[in-house]
Structure formats: structure tokens, C-alpha cells
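*Asks:* Since chain A is already given, all that's left is putting chain B on it; use the hints.
These are the residues of each chain, in order.
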Amino acid sequence: MDFPNDVRYTSEHEWARLEGDLVTVGITSYATDQLGDVVFVELPEVGRKLEAAKPFGVVEAVKTVSDLFTPVAGEVVEVNRALADDPGRVNQSPFGDGWMIRIRPTSADDLERLMSREDYAKLVEEQHA
Amino acid sequence: MSYVGRTREEERRMLAAIGVGSFEDLVTAVPASVRLDRPLEVPGPLSEIEVRRRFGKWAAQDDADRAISFLGGGVYDHYIPAAVQTIASRSEFATAYTPYQAEVAQGTLTVIYEFQSMICELTGMAVANASLYDGATAVVEAALLARHQTRRARVVVAGALHPNYLAVLRTYLGGDVAVTADRGGQCAPEDLKGALGPDVACVVYQHPNFFGLLESPHALNVLAHEAGALAVACCDPLGLALLEPPGRDAVEAGAAGTRSGADVVVGEGQCLGNPPSFGGPLLGFFACSSSLIRRMPGRIAAQTVDREGRRGFVLTLQTREQHIRREKATSNICTNQGLMALRATVYLGLLGKAGLAEVAELCVQNTHYAATLAEKLSGYRRAHGGTFFREFVLECPVEAAVVERFGRDRGVLPGVDLGRFRPEWRRWLLVAATEQRDRSEIERWAEVLKAAGGLS
Chain A
-5 MDFPNDVRYT SEHEWARLEG DLVTVGITSY ATDQLGDVVF VELPEVGRKL EAAKPFGVVE
55 AVKTVSDLFT PVAGEVVEVN RALADDPGRV NQSPFGDGWM IRIRPTSADD LERLMSREDY
115 AKLVEEQHA
Chain B
10 MSYVGRTREE ERRMLAAIGV GSFEDLVTAV PASVRLDRPL EVPGPLSEIE VRRRFGKWAA
70 QDDADRAISF LGGGVYDHYI PAAVQTIASR SEFATAYTPY QAEVAQGTLT VIYEFQSMIC
130 ELTGMAVANA SLYDGATAVV EAALLARHQT RRARVVVAGA LHPNYLAVLR TYLGGDVAVT
190 ADRGGQCAPE DLKGALGPDV ACVVYQHPNF FGLLESPHAL NVLAHEAGAL AVACCDPLGL
250 ALLEPPGRDA VEAGAAGTRS GADVVVGEGQ CLGNPPSFGG PLLGFFACSS SLIRRMPGRI
310 AAQTVDREGR RGFVLTLQTR EQHIRREKAT SNICTNQGLM ALRATVYLGL LGKAGLAEVA
370 ELCVQNTHYA ATLAEKLSGY RRAHGGTFFR EFVLECPVEA AVVERFGRDR GVLPGVDLGR
430 FRPEWRRWLL VAATEQRDRS EIERWAEVLK AAGGLS
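For the protein sequence lines, the chains are A and B, in the order given. Residue numbers for the first sequence follow the numbering used here, beginning at -5 and rising by one. Residue numbers for the second sequence follow the numbering used here, beginning at 10 and rising by one.
Same shape as in the complex, but just chain A (with noise of 0.2 Å):
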């Protein structure tokens, strides 16, 4: 499986990207794929303080739902408003249009602490086996 080398990634599955001085979060292309057909993401609200590693949404899909876990503690300034209506981005393009929630991060330093794309790809590789 490959995956993006501009993104962190959490062990959660998660990915953040550094967009100026805000950080975009999303869910990976291997999360999708274990999930199947996303149905409905539930977001948080604009100006929601959120905390690192605590959960910030839901992602259903048709037979399973999981909880969305923050990368970097910081405000909600923007959420993905077109998943309401099309949830399938998420599936169609995880690192891309099915982008979640936009943060303003406490500490840009934290994205640091992420996962690189090798460690990763290797967390995937040894939970596939």
C-alpha cells in the first residue's frame, strides 16, 4: 500500500497535514479499506477546542463505526461540510476531497511526535500479517 509522504500519520489511522499554519485531518487509505463503504461522518462543531489522542468524531460505515481520534490538540476551525452529503469522498479519496476537520494546533511542534510515512507503512504491514 503507498502512502503520502507530505502527511503524519497516527496509529489510529489517522493523517495530519501542515497547510500553512493550520493542520488538515483525515483518515488513510488503508482505514477506508478496512472499513468499506462510509455511510456518515459525524463532525465536530467550528471553535471546538480539541484534545490530542481523545476522539473528535465517527466514522460509520455499512456494518462498522469507529471513532476519529485528534493528531494535535488545537481549535476546530473548519470541517469537511461536503461529507454530509457525500460521504464517499472519504472512500474516493482519503487524502484528498474526504479531508475531515481543519485545526488551528496549539503547537505546530506536535505534529512531530506523528508517525512518518515508513513507520506507517510498517504498523500496516504488521497488522495485515
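In case anyone wonders, no lab produced these hints; they're calculated from the structure. A portion of the hints provided could be inaccurate.
Said to hold, decoys possible - Chain A side only, calculated, beta carbon under 10 Å to chain B, not exhaustive: (1) Phe34; (2) Glu36; (3) Leu37; (4) Val40; (5) Gly41; (6) Ala47; (7) Val52; (8) Glu54; (9) Val56; (10) Lys57; (11) Thr58; (12) Asp61.
As the list claims (entries may be wrong) - Derived lysine-lysine pairs resembling DSS-like cross-links, with alpha carbons at most 25 Å apart: (13) A:Lys48 with A:Lys116; (14) A:Lys48 with B:Lys459; (15) A:Lys57 with B:Lys337; (16) A:Lys43 with B:Lys202; (17) B:Lys459 with B:Lys385.
No residue lacks a Cβ here, since even glycine has one placed at the ideal position from N, Cα and C.
*Replies:* Frame of chain A, contents of chain B only:
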């Protein structure tokens, strides 16, 4: 598995198989002080004839069938058409629960779907679930939904909610439940205003309330919404046949676009084709706006098509539920009151919109006739001045318990003694006259009250 008792020989073989000398050896771990050192005193076996005779005698002591009932307070003595029993007894429906392999039981799912549709129509809400245990737990589930949705803790009860419902609410939420001041039996919007704050998840009110009085749903809903809380209405389904459903938005009443419809409408559905039988089993219903559907508790039946395009029914949105969501499920309810919901569905289907409204009108007329007669009796007066629907509180010249006993001995159950809920209500009798009561029965009731009023 058979429930036939074991023989001494079987007992000996079982003990031998596990290497224990006697049954006593098995229970040595239980301290002697808590063990019964003599045989259990149960009467000996009875023949079928004796059992019938004994149970028949007990059944004859139950006067609910013979007495003229004016009982209410959530459980009512309505007429149940014979067809309800006949249809509900059919083997196709013979389950009290949502079946485990739900989609195999298309008949059951069809009934649940019809039940949900009827509840939506009655409450004016977009979605309803397959039913809950009773009105009390439905109120609790609504409060839990509001707490999850708003991520706030406190629940404000506006006005007279059934004391049993309030008790169940407190069992779940403890100190997070506040009750507004009671003035004249109804909730004054200004009293609710004072009780609201940024930590309030929802406002819960009963309409008509426990005392039978109408509340002002739209005013209460607007106040709840202005405070960022949800509005939860607990309604009598018979009341919904005549009253404006609190779930429906009224002409814009609030500040700049504040919704005036309730977010959740719940209630007790016993009055729809289910007998009062010792106070249960009951039937909770739960309806809400579509934006809350993913937080709704319980099961939801939905319509779909099979691969050949034929109409079929399924259980849907199950990711909310325990078997998938585990400890994060919206509720621990994982079944429904299948049999009671079935009876309610058949009842509503038989009566139709006009029939249900007619039953409600008859209840209103009978109850108002009873109130008129009672107010002419010396020492009796209505405890509250507000508009009442199908029951009212009568203040008695003596303790209501005295009136209740006096009536019962004379074949009339004159109402619910509210003293059993609160000592300061001990002279209050809650009276409901359903469509089953005729003029002569209501007059007989008034005579009983008159005679009881002279007692001290």
C-alpha cells in the same frame, strides 16, 4: 431442556461423576448462619382442579374488571376492540421482542414500520423508533440523547411530570435533574426561564401534564431553544389526536428563527389497545427530528427493496446499537415492546384518524362532565384552574385514600390517590373518565364521592 426434578438415583450419579460425597459437601462454602437448617416451607403439590380453583379465587378478588374505573395517571381503562386481541394473537406475530434474525420476520418488521409511521404522524416528528419499555424510560432516553447531543449535563423538568417518570429520571441522572417551581399545576414560562442556563441539555415537560392540564408547548420549546437546549415533550397519544402536536413548528414565535417545535416527543402508549392489567406491561414511544436520528435509542425498521425490486423491511442504522457500537451505543435498549407495539398498531389501524379523535373527544366530554358534577358536591373542588384534557385533580374534603377505599368497597374506583406520591397531595384525587364510562356510571361515581365526603 425439561424442568422435571431429578431422582435420588440421578443425584447420586451426578455427585459421583464430580467426586463429591453429598449435596451438603457442595455448599460447605456458604456460612452456616445464612443456611436454612430445615426444609423449605412450600405447600405440597396440587392437582389441576385444585390449582384452577385456587387461582380462580384469587382472580375473583381482582375488582378491576367489575369495578367502574376512573383511574388514570398514565394507565387508562379504554375499550379494546375484539379484533385487537384476535389479530395480535396470530402466530405470525408470536414474539414479544424484535426477532434476532430480524429480516426473516417480514411481518413483524412491517408492523414495526407501520407503528413508527403512525407515531410520526401523531407526534408531528420526522422519525420514530420501534418502541421502548414505557413512558418513564422513554423520557430518560430522551434526556440521555439531549445530553449527548448538546454535551451538557443538566435536565430541567418544567411543570408537573408524572412522579414515577421523575423518579426514573433521577435514578439515571441523579443530581443533574432540576424541577421548576409549581404554580397552579402548570409551568409558567417565566419560571422556566429562571431555571435555564448554559449547562442545560434539555427541557422536559408533559403535555397534558400529570394533573391533566395543558401546558404551552411552543413557548416552552422556544425558551429551551433560545438557551441552546433541546425541547422534550412527553405526550399522551390520545391527546395528540386532538391537540396540536408539540413537534410541529408554530408560526414563528421565537427570536430570529428560533424553532418552536419540540426536538423529541415521547410518551406512554398503553392507552392504545393495551389493557391496564396491574399497571403493565406498558409501551414507550420515541420520536424525534431527523437530525437526531443517529442518536436515537432502540431499534428502527425501514423500508427497502430486495434484488428483484419488491418491497421489503429491514432493521436500519444499527451502528447506533450495542451489538456494533458496544459501550458507545446510544442506549442499552436492544429490543422493543413488540407485542404492545403490535396491539397499538392494530388499534390505531382499526380506529383510524377520525376514530381516535372521537375516542379522545368522548374522554374529554366524560371527564368534564365528571368535573361539573364534582364541583357541585359540598367540600369538593378542582385543585387547579387551568384547562384540562382527559383527567383532573379533585381536592376532597377528606383524605383521598378514604374516598378511594370507600369507593372500592362499592364497586367504584374513584381515581388515583395522589397522597401516595406526596404527603401534601393527600387530599387530591386524580380522576379520568374514559370513553367507556357512561352517564349513569359518572353519576354513580358522584354519589360515591358525596357519601365519602361526609366521612372523617
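*Asks:* Going through the numbered hints above, which ones does this structure break? Give me the numbers in ascending order.
*Replies:* Going through the list in order, the structure violates hints 3, 4, 5, 6, 14 and 16 and respects the others.
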